[in-house]
Structures are given as C-alpha cells and as structure tokens.
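Peer 1: Let the sequences and hints guide you as you build the complete structure.
2 protein chains.
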Amino acid sequence: MTTINDIAKMAGVSRSTVSRFLNKNGYVSEEAAKRIQDVIHDTGYMPSQSAQSLRTKKSGVIGVILPKISTETASRVVSGINQFLQKNHYQVLLADTSLNHEKEIEFIRLLQSRNVDGIILLGTHISTELMRAIQESRVPIVVIGQDMPETTSVIYPDYLATVEMIEYMLERKYRQIAYIGVGEEDPAIGIERKRAYVDTLKKYHLTVREQWIQLGDFSIESGYQAMRRLMETSSSRPDAVFVVTDRMAIGAIQYLKDHQYRIPENVAIGATGASTLSKYLEPSLTTIDFQNEEAGTLAAQLMMKALEGEDEVEKKVIHSYRLLKRDSV
Amino acid sequence: MTTINDIAKMAGVSRSTVSRFLNKNGYVSEEAAKRIQDVIHDTGYMPSQSAQSLRTKKSGVIGVILPKISTETASRVVSGINQFLQKNHYQVLLADTSLNHEKEIEFIRLLQSRNVDGIILLGTHISTELMRAIQESRVPIVVIGQDMPETTSVIYPDYLATVEMIEYMLERKYRQIAYIGVGEEDPAIGIERKRAYVDTLKKYHLTVREQWIQLGDFSIESGYQAMRRLMETSSSRPDAVFVVTDRMAIGAIQYLKDHQYRIPENVAIGATGASTLSKYLEPSLTTIDFQNEEAGTLAAQLMMKALEGEDEVEKKVIHSYRLLKRDSV
DNA sequence: CTGAAAGCGCTTACAG
DNA sequence: CTGAAAGCGCTTACAG
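Residue numbers (the numbering used here), protein chains in the order written: chain A, 1 to 329; chain B, 1001 to 1329.
Hints in this document: simulated from the structure, not taken from any laboratory.
Derived contacts from chain A toward chain B, CB cut-off under 8 angstroms, selection only: (1) Ile69; (2) Gln91; (3) Glu282.
We put the beta carbon where it would ideally sit given N, CA and C, even for glycine.
Peer 2: The following block contains the structure:
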C-alpha cells in the first residue's frame, strides 16, 4: 500500500511537505506541489484514515443509532442525514438496535471507541440511563424525534400536528373521534399525541371516553386489534379514528374492510407518517407528513455546527409538518 | 480519555500485558488478569479502534455501497447485512451513490482509504471500469443483485422467477401478456427479466410483439406512462402485464384505475419486489419476493468467510425467491 | 508469565 | 519554504 512516505520519496520531498500539501496548510513551493500532485495522481494514493484519525482525533465518521433501518421512517431520516453529511465529506456508521433499548447505550459507547466524531440518535424512548450516557459522551450527540432534556434535539411537532388533525376532523363534521395510540415508553408518540387528542376534544367540549382510547404496539396487527376493540366492545361507535402511525392505520383499515365498513362514510381514518403506502391505499390516507428526510438533514446540519465548535447551536429545533388531506377523512 | 497506558499503570503491569489480556492471546497470570479486569471495568475503558486499525490493518467495518438507502429494497438488504455483521462484531459504513454510477467507483476507493475490511455493493449496472475497480481492490468485495464476472456475487434468480410468473399467468388463462421493464443498463432487471419474458412466450408459441414491450425508469410515473402506451397505442390490448418492479406496477395500476379498467378482470398485473405496499393495494398484488433481507444476510456471510480466509468461498450464489400469488392475476 | 522496543501512517510544532 | 523529531494508542515478535 502506498503511504505518505512513498509519496514523499517519489516526489523528492519530506513527508511533512506532503502532509502540508494534502491539508493545504503551511507553505509548499509551486514546484514541490506540482511534483507531489503528479505522484499522488499516478499512484492513486489516499491517506490512511486510521492514521489520520489516531493523530487528529477526528475520523470523518458520524454514528447513527436507530431502532430498525428497514423501516420507512428510519431509512428516510438516514437518507437525509447522509445527504448532508456526504457534502461535508463525512460518512455514516450504522448502529441498528433492533428495537432493543439497552443497545442504544451500548452503541453510544461502542461508537465512541470507533472514534466517531459525533452521534445522531433516532430516539424511541427517554430514560435516565440513556440521558446519562448522552451527558457522558465526549462527542456531540443530536437526538431526533424525542425531546431529550439538555440535549440538542430535532423534535417533531407531535402535539401541534395532532391538534390540527383533530380539528380538521371536527371541521369535516365528525364528532365521535376515537384514538389508536401506543404506550408511553415512547413519549413523543405515546404521550404528546395523546395529550393533543385529549386536549382538543376538551377544548371543543366533547367527552373524552376511555374506551375510545386504544393502544397498539406499532404493528399492523395491533392496529387491527385496536380497531376491533373500538368497534366491538364500545357501547357507542366512533365515526372517526386518529391513528398515530400509518402502519397501525393499515391494520385498522383492514379491520373495517373485513367488516364491510366504508371509509370515510362510516368511519374516517386519520394517520401519521405519510408513508408511500398511504397515498395508494383505497381510499388514500389523510396523514401527517413529518418530512423525515428533512429532519435528518436538519440534524446533520446541527451536528456539523457542533463539530465546527459553534457555541450557539440551538438546543431544540421543532421541525415542520404538513397535513396531507386525502380521501380517508 | 483512558488509554491502554492508563490501564497498565493502574493495574501495575505493562501495556503488553494489558494488550494480551484484551486480545486473549499469550499468557497472563490470574492475578494480573483480575487486576486488569477491575480497572477496565471501573474506567469503562474501550480500546481505540483507530490505533488498533492502524496497527492490525483491520477495522471491524464493512462498507456498503448502495444506490439509495430510502428505498425498500436497499434498506431491507442493509438490514440483513447488518444483522449478520453485528453478530460478528462488525459494523456497516454507508455509502449512498444517489443512483450515480460513477460514485460506486469513487466509493470503492474512498472506503478502502477508510480501512474497511470489506465492501458489499448493491449492484445496479456492470461496466469495465467498475469491474476493474473491483479487481484492484485490496479488500474483498461481494456484489448483490448483478452477476458480475470474476466476483463473489449473490444473484437474484431474475430469469427463473420471471418464467414462473409468466407461466402462472398462462395457467390462469391469460394469453395476451405484455411487459413493462427498464433499460439494459441494469442487466439483472433490464436484460434477464426481459429475456425470460420473451423466451417463455416463445416456448408456448405465443407471438412476441414489440409494442407490448414498454420501458420505464423505475419511477411510479414511468409505470403509468408505460401502461398508457400499452393501452392507447397498441393495435390490440393485452389482458395481462408483467411489471419488473412494484413501484412501476403502482403507476400502471393507477392508469388502469383512472381509466375504469378492472384488475384482474380486464387486465391482470404481476410485479416484482414484494413491497409492503403490494399486500395492501387493491387488489393485492401478485408479485415476486426476492427476500432481500436474506440476500443481505447471505452476502454478509460470504464476506465473513472471505475475511476468515476461507479459500472455498463460492463465487456465485443464486438466492431463492417465492411467487406471492394474490389477487391481481 | 512479563516487559522493552519497534513500528503502523499520519500531523504538528519547531528550528532552520 | 522545508525537514527532523516526537507522538497519537495500539500490537507483536523477542528476550528474559
């Protein structure tokens, strides 16, 4: 393998000079530069990142911790992160927890031993251990999707968007609005969205019924079951349901179709996620678009700022959203 | 940051001993081991990968080059790769070309300078420059999805699966079978699948009509347009269409729905990809499942073998597939 | 069973 | 404008 020493020898200079040339710092005479340039071109030399990294403590790599890469949301976010990072000559090192919370902490440590320059975490929960691991990190950490205290985070407007969805349903004359959510382990989705649902009903003086709040576990099947409970065990049936993810909404819709309910005539469905799927379902799904790819880009941008040592990196950035009004509400 | 020197000092041994302990090679007395163990535990010490990598020329990182991470196929493959790799304590470094062919070659070089131990490439085309870059690589490369000469590859059974799909259509009594494909830049999809389509028609003595072969560019819209050409400009209309990707099939279906054709009564649709979407479309899509996640796992497995220096790493592995018979055919 | 020494490929003051 | 030297944190023969 060609090293800086080979280049130096072939160009007839010292390796300090080659290094200066490479990093464009310090002086290098034009003739020397020319010779070095040529040799590098001929050999296809590329400096060893490990050596550079050992020396400079910078690797040009950002670790990304996520619950599951084969998920539309996650892969979109990573795409956004990656686009921005690549422009800045950084690369992404993947760390997939397979939805295992404890692995997040493990990875925060592991990634540091791999000398990443920073870590972007797609948040799924909040715990004191996780917060501690983040505080103890010697590289900057940006969290996406959870409002982690004391941490630079890109937050989705869960509350606002949900309010708008519920108000849109009210505007469309639905009054019996039910809710399919998830547990509180995921505060952004489990707590914020539910709070928005409850608050909005109250604001318009509608009763909040416990049986109209059903929880699932993000799976399609759990959406199906939640809808079943809503339709079979409630004393009175809802005429609209807000579902906190597109996937669970698919399950819910499946239940309705299996039982000959028409959407939105009998039951309207509003969802969250703006998956590709949502557009091609029948009826097409009214859903909240959190623009995950842009959120990823934004997080990468904050990361770059942090790495450039900017002090005024905002701690909290609320990302935008759009309500995609389609045919299911 | 704690280094091996700190650990050595705190445990009262030399750093050689700590290193031996860490790598479980060479002798370390029980007492020494115990003291080292404790110190490591207390400090949370993790060896610097850059230093290890510089010294041993191994990084524990595999580069994955792909056309677009936010694609269902790619993210599934990466998920499979990652699962297997993580078990073996390797991690994935992402390289997304944004569909830019030239970047594949660039990344093969860049990843090597980052000292990856191997590269897995989700293939999208074949060119002599690319093949040269692969030959010149000093780390093992495994290609997924294209039959790259001289290269360890995991290949999808494009030909076989397409034959089965066409035969299934024939079995279902369709005789006017058209084809929506892509250009030949992607040999696996553009050449193999088309060849299978043509061969099968011939085998059953059916005429192959040029107007019934329409090409798109992987986009939903191009599927729409291809179907339009099939239905509007052909002298006689097909009663079934095989589409080489689910995405283009969605476009094709959209066209049919927009023009009040019924699926499969007027036109049957067979696709490829087994996207999540395909199951929830109406009608649900009959499609070929290439089991991308497993293909990824398989590629990772071959990579591990290559890294362990096994000589008998198979050069070509044809992966399996399933035909998902649903309602669109 | 253990430690001193060399070296992996770089960068960075420093002296000239 | 340029080069010699030190050092980043490891591992690996080698000598004891």
